[in-house]
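Could you use the hints to bring the two separately framed chains together as a complex?
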Amino acid sequence: MLELKDICYAADGKQILDHINLVVDDAKFIVITGPNGGGKSTLAKVIAGIITPDSGQILLDGKDITGWSITDRANAGISFAFQQPVRFKGVTVKDLITLASGKDLSTAAACDYLSEVGLCAKDYINREVNASLSGGELKRIEIATVMARKTKVTIFDEPEAGIDLWSFKNLIDVFEKMHEEIQGSILIISHQERILNIADQVVVISNGSVSKIGTKDEVLPGLFGVDTGCRYFQGGNA
Amino acid sequence: MLDDVIKNLLAEVSDLPEIPTNGAFNIRSNGASAGRHSTENIQIEPKVGRSGIDIFIQPGTKDENVHIPALITESGIHDVVYNDFHVGEGADVTIVAGCGIHNCGESESLHQGIHRFFLGKNAKVKYIEKHIGEGDGNGKRIINPETYIEGGENSYLEMDTVQLKGVDSTKRISSAKLAAGATIVIREKIMTHGEQYAETSFDVVLEGAGSSAKLISRSVAKDRSRQLFRSKIVGNTDCYGHSECDAIIMDDGIVAAEPEIVANDVDATLIHEAAIGKIAGDQLMKLMTLGLTEAEAEAQIINGFLK
Chain A
1 MLELKDICYA ADGKQILDHI NLVVDDAKFI VITGPNGGGK STLAKVIAGI ITPDSGQILL
61 DGKDITGWSI TDRANAGISF AFQQPVRFKG VTVKDLITLA SGKDLSTAAA CDYLSEVGLC
121 AKDYINREVN ASLSGGELKR IEIATVMARK TKVTIFDEPE AGIDLWSFKN LIDVFEKMHE
181 EIQGSILIIS HQERILNIAD QVVVISNGSV SKIGTKDEVL PGLFGVDTGC RYFQGGNA
Chain B
239 MLDDVIKNLL AEVSDLPEIP TNGAFNIRSN GASAGRHSTE NIQIEPKVGR SGIDIFIQPG
299 TKDENVHIPA LITESGIHDV VYNDFHVGEG ADVTIVAGCG IHNCGESESL HQGIHRFFLG
359 KNAKVKYIEK HIGEGDGNGK RIINPETYIE GGENSYLEMD TVQLKGVDST KRISSAKLAA
419 GATIVIREKI MTHGEQYAET SFDVVLEGAG SSAKLISRSV AKDRSRQLFR SKIVGNTDCY
479 GHSECDAIIM DDGIVAAEPE IVANDVDATL IHEAAIGKIA GDQLMKLMTL GLTEAEAEAQ
539 IINGFLK
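Taken in sequence, the protein lines are chains A and B.
Using my numbering, the first residue of the first sequence is number 1, and each one after it goes up by one.
Using my numbering, the first residue of the second sequence is number 239, and each one after it goes up by one.
The following block holds chain B by itself, in its conformation from the complex (with noise of 0.2 Å):
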């Protein structure tokens, strides 16, 4: 049974209000395993030595959900979890992370969620990550996810990973070698305030001909919060690699970015995008003029910017 805190942090990371009866899932509650399932296409199984789970889905698998959200709701728990997603050949699948923390105690709390992703030929996957920090205690929340992806040929990866509120400080990894053919795209959303700190750390190995990154990250640096993009898209064939980092920052927030592009191929086009600064003031004009405060314009232009 999952208590309120849980199955409110569940339904916020993942967007399941219940345990599931069906499909493929794995919850993760203060480093245990809470609930796990396999379906016919889709097996997922503890590893041995290691705390994490592979999950295997066959060749073939079409519109399938897999959810394995990892929830924390004590304090001092530090939790390092180990999870490859073995996604076979010609499958389309949609992957549901992400990591909820409710800390009310005066211990760090933290989650590493460490997962790799070996996609198969023509293989498709939406990822979806969402992480949340809550809790009144002066306890740290630390979400630290690494992504590690080996896109087969021909292979397709979305990501979407978000981080709107209340994680104190999270370091955020992802790295994919891509094979000819293949595409990811990862769409990162983020909001830091108070005095949290984020970073980002991008690295792309585009391998193989035709295959192509876009990465896009759009966030939002409030108070004395502080955060650090980092990307780094290596071309060595015939390929397409853009990168993309447009923050906003308000009151004392600081952004940095610091993008890298390798063309070590005559074929490589690789584009780097980096914009930070503050509100626009024509902006808030504009939606001033249509009746909202100052304050209403601001919330409004931020929604938008990180919907």
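Chain A extracted, bound-state conformation (with noise of 0.2 Å):
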């Protein structure tokens, strides 16, 4: 279990995050969506060590984990699907899901979680992750590294940008499996609807707050028109 215990970050004299509490249960299904700028990705970060908040604390299975690095909090299970994922060079996609297995991996185990995400294994495996993969490409490798990782936290910070290419119901078939299979808990920041619609859990964050949290059904009716007033929120990188 998941715990943020009023949760604060400010940056630039702005409050990003404000006394965040939430609860991720065990093998919960969770969305996390709001309007641009209202902190989603901060929190994620926050989880993932990456972000130090001013206050509160962050518990995993009831332990203190707020003053971990992002090394321990990885090793203690959480995986972090990046927004942007990031190039290197020399590094090959099979090097990066090897490492993100935490184990040697086959070639042909390695091309399991590749096809998994729609890739052809064996026109990627062997790249590097390097600018000449697109951003389509590269998110879709991203959300493989993590899929490896079978940690029992995942947060994915808005896995559909960029996946135009790629249908939404594979995209979705991929999080269900991943749901199933590992039985950890996994934490979405979406915008879509679509994604929205198969959560356990939303969790509507705005102006560094939780706003509301509940079921699909209970969120849902009265989501679009928040805030922003249109019916999807576009894009965002707060």
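Calculated from the structure, these hints are not laboratory results.
Treat the hints with caution; some may be incorrect.
[What the hints assert, rightly or not] Pairwise CB distance ranges, derived in the manner of DEER restraints:
id : chain 1 : residue 1 : chain 2 : residue 2 : range
1  : A       : 6         : B       : 518       : 55 to 61 Å
2  : B       : 411       : A       : 11        : 47 to 53 Å
3  : A       : 18        : B       : 533       : 33 to 39 Å
4  : A       : 12        : B       : 403       : 29 to 35 Å
5  : B       : 498       : A       : 64        : 54 to 60 Å
6  : B       : 403       : A       : 10        : 56 to 62 Å
[Unchecked claim] No more than 16 Å apart at the CA atoms, straight line, and that leaves these computed lysine to aspartate or glutamate pairs for EDC-like:
id : chain 1 : residue 1 : chain 2 : residue 2
7  : A       : 150       : A       : 176
8  : B       : 359       : B       : 384
9  : A       : 89        : B       : 461
10 : B       : 300       : B       : 330
11 : B       : 452       : B       : 511
12 : A       : 212       : A       : 18
13 : B       : 545       : A       : 95
14 : A       : 89        : B       : 511
15 : B       : 245       : B       : 372
16 : A       : 150       : A       : 128
17 : A       : 89        : B       : 482
18 : A       : 150       : A       : 26
19 : B       : 460       : B       : 437
20 : A       : 103       : B       : 534
21 : A       : 89        : B       : 520
22 : B       : 403       : B       : 461
23 : A       : 63        : A       : 18
24 : A       : 89        : B       : 441
25 : A       : 5         : A       : 64
26 : B       : 427       : B       : 484
27 : B       : 545       : A       : 128
28 : B       : 460       : B       : 536
29 : B       : 516       : B       : 489
30 : B       : 415       : B       : 437
Model, not experiment: these values are computed from the prediction.
Glycine included, each C-beta is placed from N, C-alpha and C at the ideal position.
Put into structure tokens, the structure is as follows:
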């Protein structure tokens, strides 16, 4: 179980996270949504250890991990799929998936993860994770690397961005399969109604606070109209 | 007979565990020949009046290798050697050179290999050069290779040069002049640490129509080491030249890049790219989210970069 207690974080004179409290039960599928600049990505980074909160506590299975490094949290069972995946000169797709899995991985096993995210494994496995890959390809490789980790908590920051050539259905299948196989908690930051639809719980974050939390049936009807007045929230990096 | 130190060096620079019993080779140890063998298609002959060898590769020779490692295990040796490769028309060969210095003494050991390549029409060469330094003495290990290439019509030379550890000072000069349709591709990988200094200088003249050059340098400068990358590509005709210098700096490492491209013809296309910087923070962060420590992430990024 992951617990966030009273998390606050300010930057450049602005309160980005304002007393966030959230409990993520084991094996739950949670989608975090809300307007741009509301603090969603910052919250994900706080959980992964990339950003240290100014105050508050993060508990993983009752253990206070607030002061833990990114590495320690990763090894304790937290995975994080970046919104904007990182490129590496010379590091291959296989290298990355092998590192993610934490053990020597056969080419066939590494290829399985690529096939699951809709990439033809033989075309990609030995490619470098560099500028020759498109944003969409990188995004799917990013998803494959966190799949290979099989951790108890996995966070995806806007996984749908840039995967326009791959159908949403496949992406949703990946999440559902992961959820079923790993039996871990999955947190997805998303604006997409179709991803919101498969959530056990929807959390709306706006202005740095949890403004609404509940099942999709409880939250969704009132959602499209909150703050922006738009049917879909667009983009976002906060 | 080779002693163990020499054998280890030999294995590291040339991937040869022993003196081979076949194939063309010349092994130079502490300034003298420690073994030489010619084949029907590849003749190796000592030079008269100066130190070095001539390697004659017959036209049409296919799929043969030449190994010419140079090894220094004695402190205080200054070894200058002139090796000329005469590659016949249509030959297709792999040449493995390289130098290893094991210096346990207090005096400076230096190897300067001056290699000239004369490529016949349609000749194809893969040239592999690896430099390493080892030994715990205070004597400096210096390797100053020079490579001169004259590429005949439609010839192709691919050069991989690697120096990843132990060489205190290196000045690497490579130059080429290419005839019509000739191509060279040079890939250089350098890592310096401690107080080391590495200097690279490429000088390529694209003389013939349709000639092309690709120079790719990747380097890492750690500790207080320094590197200088110079490249000059001159295009005198309808040609294509591309040089790329990519460097990672760490600690107090210093890297300077001085690219120069000169187009003397309206149809010359010349490109230079240079990037110097520390390891990107998000790269470290990404690998740390996979469970690596910061030091492990750094090592992984550098290994990949220099792979």
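Original post:
Does residue 64(A) lie within 16 Å of residue 5(A) when you go C-alpha to C-alpha?
Top reply: holds (10 Å)
Subject >> Pairwise beta carbon distance, residue 12(A) to residue 403(B), judged against the given window 29 to 35 Å >> reply: Cβ of residue 12(A) to Cβ of residue 403(B): about 44 Å, so the range 29 to 35 Å is violated.
Subject >> Satisfaction of hint between residue 26(A) and residue 150(A), Cα-Cα up to 16 Å >> reply: holds (14 Å)
Subject >> Assessment of proposed distance window 54 to 60 Å (beta carbons of residue 498(B), residue 64(A)) >> reply: holds (58 Å)
Original post:
Are residue 403(B) and residue 461(B) close enough, with their CA atoms no more than 16 Å apart?
Top reply: holds (13 Å)
Original post:
Given the hinted pair residue 245(B) and residue 372(B), is their alpha-carbon gap at most 16 Å?
Top reply: The given pair, whose Cα atoms are some 13 Å apart, holds under the 16 Å limit.
Subject >> Distance restraint between residue 89(A) and residue 520(B), which requires alpha-carbon spacing of 16 Å or less >> reply: holds (13 Å)
**OP:** Take the C-alpha atoms of residue 150(A) and residue 176(A), compute the straight-line distance between them, and say whether it is at most 16 Å.
**Re:** Since the Cα atoms of residue 150(A) and residue 176(A) sit roughly 13 Å apart, the hinted pair holds (cutoff 16 Å).
Original post:
Are residue 460(B) and residue 536(B) close enough, with their CA atoms no more than 16 Å apart?
Top reply: holds (12 Å)
Original post:
Does the Cβ distance between residue 18(A) and residue 533(B) fall inside 33 to 39 Å?
Top reply: Holds: the Cβ-Cβ distance is about 36 Å, inside 33 to 39 Å.
Subject >> Pair hint outcome, residue 415(B) versus residue 437(B) [Cα-Cα no greater than 16 Å] >> reply: Violated: residue 415(B) and residue 437(B) sit about 21 Å apart, past 16 Å.
Original post:
Between residue 6(A) and residue 518(B), does the C-beta distance stay in 55 to 61 Å?
Top reply: violated (33 Å)
Hint compliance for this structure: hints 1, 4, 6, 8, 9, 16, 23, 24, 30 are not met, and every other hint is.
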